[in-house]
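For the protein sequence lines, the chains are A and B, in the order given. Under this note's numbering, the first residue of the first sequence carries the number 1, and numbering increases by one thereafter. Under this note's numbering, the first residue of the second sequence carries the number 1, and numbering increases by one thereafter.
Misleading hints may appear alongside valid ones.
If chains are identical, the list can't say which one is meant, so a pair holds when it fits in one copy or spans any two.
Stated by the list, open to error - Restricting the straight-line Cα-Cα distance to at most 20 Å, the calculated cross-link-like pairs of lysine to any residue (SDA-like) are:
hint, residue 1, residue 2
1, K88, R49
2, K5, L45
3, K88, D100
4, K88, R65
5, K5, D95
6, K88, V12
7, K88, V8
8, K88, R15
9, K88, N47
10, K88, F13
11, K88, A9
12, K88, Q64
In short, the hints are calculated from the structure, not lab data.
There are 2 protein chains.
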Amino acid sequence: MAIRKFAVAEAVFERSPKAGWRRVHRRRDRRAHGAPITIGFGRYLPNERLTETMRVDDVMVVLQRRPRVSTSTDAVTAGPGEIAHMPKGETVTIDSREEDAVTAYVTYPHRQDPVG
Amino acid sequence: MAIRKFAVAEAVFERSPKAGWRRVHRRRDRRAHGAPITIGFGRYLPNERLTETMRVDDVMVVLQRRPRVSTSTDAVTAGPGEIAHMPKGETVTIDSREEDAVTAYVTYPHRQDPVG
Numbered sequence: 001m002a003i004r005k006f007a008v009a010e011a012v013f014e015r016s017p018k019a020g021w022r023r024v025h026r027r028r029d030r031r032a033h034g035a036p037i038t039i040g041f042g043r044y045l046p047n048e049r050l051t052e053t054m055r056v057d058d059v060m061v062v063l064q065r066r067p068r069v070s071t072s073t074d075a076v077t078a079g080p081g082e083i084a085h086m087p088k089g090e091t092v093t094i095d096s097r098e099e100d101a102v103t104a105y106v107t108y109p110h111r112q113d114p115v116g
Numbered sequence: 001m002a003i004r005k006f007a008v009a010e011a012v013f014e015r016s017p018k019a020g021w022r023r024v025h026r027r028r029d030r031r032a033h034g035a036p037i038t039i040g041f042g043r044y045l046p047n048e049r050l051t052e053t054m055r056v057d058d059v060m061v062v063l064q065r066r067p068r069v070s071t072s073t074d075a076v077t078a079g080p081g082e083i084a085h086m087p088k089g090e091t092v093t094i095d096s097r098e099e100d101a102v103t104a105y106v107t108y109p110h111r112q113d114p115v116g
């Protein structure tokens, strides 16, 4: 099938190894056929905070709630339909804040989580 | 600024040259700093149909309405928060159907429209 559809309703979320399997950030990602991009969804519980140094470029599209994305020098808050580009090499903190959040993301190249 | 935010509310849409400037599909895209990806938003009027052969991989995240994306062999309909991956090389038709639609997209590598 040439066109692939990705729906959060069909995603089976797993705890993210980037949270050391201790926290509750859940994600589901899949590699696109024939392109070095990973497509996925993330789901956060209230007041989750995850910090990581980006090993890939990550484009996050907010689907629900208004997470805050920050580095040591700047921060943005993005609501539904808004996008945050987290460049490779930056150390980024995602804070779901008071409510849970759902995001879609596209990474270039493929996401590779650290071994949990 | 390390993190860049993209909001449809701030986008100034232009008619897409891929529609030969004759139709009303409007888009706004920007290149990500330091990565070969283009991030943007598209806006369609009711019953618009655009067909193009993909020169890049295009990941479309539906923000409003339920556009239909098809090739000669398959079709998907995607609603808010759902994603369609349109692979490079495929000839794809996007049909906004009865209502207007708003999408976000990420392309790899950079989108390059044909000269209108």
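Here's how the hints hold up against the structure:
Only within a single protomer do K88 and R49 lie at most 20 Å apart by alpha-carbon distance; the minimum there is 19 Å, versus 36 Å between protomers. With identical chains, the CA atoms of K5 and L45 are never at most 20 Å apart, being 25 Å at best within one copy and 22 Å at best between copies. In this assembly of identical chains, the alpha carbons of K88 and D100 never lie at most 20 Å apart, being 25 Å within a copy and 35 Å across copies at closest. Neither within a single protomer nor between protomers do K88 and R65 lie at most 20 Å apart by alpha-carbon distance, with minima of 24 Å and 32 Å respectively.
Taking the shortest alpha-carbon separations for K5 and D95, only the inter-copy value of 15 Å comes in at or below 20 Å, while the best intra-copy value is 28 Å. Taking CA atoms no more than 20 Å apart as the test, K88 paired with V12 passes in neither setting, with 26 Å inside one copy and 27 Å between copies. When the C-alpha separation of K88 and V8 is checked against a cutoff of 20 Å, the pair qualifies neither within a copy, at 25 Å, nor between copies, at 24 Å. When the C-alpha separation of K88 and R15 is checked against a cutoff of 20 Å, the pair qualifies neither within a copy, at 22 Å, nor between copies, at 32 Å.
With identical chains, the CA atoms of K88 and N47 are never at most 20 Å apart, being 25 Å at best within one copy and 39 Å at best between copies. Proximity of K88 and F13 under a CA criterion of 20 Å is satisfied in neither setting, with 24 Å inside one chain copy and 28 Å between copies. For the identical chains of this complex, K88 and A9 are neighbours neither inside a copy (29 Å) nor across copies (26 Å), given an alpha-carbon limit of 20 Å. In the homo-oligomer, the alpha carbons of K88 and Q64 never lie at most 20 Å apart, since the shortest distance is 24 Å inside one protomer and 29 Å across protomers.
The earlier numbered hints that this structure contradicts are 2, 3, 4, 6, 7, 8, 9, 10, 11, 12.
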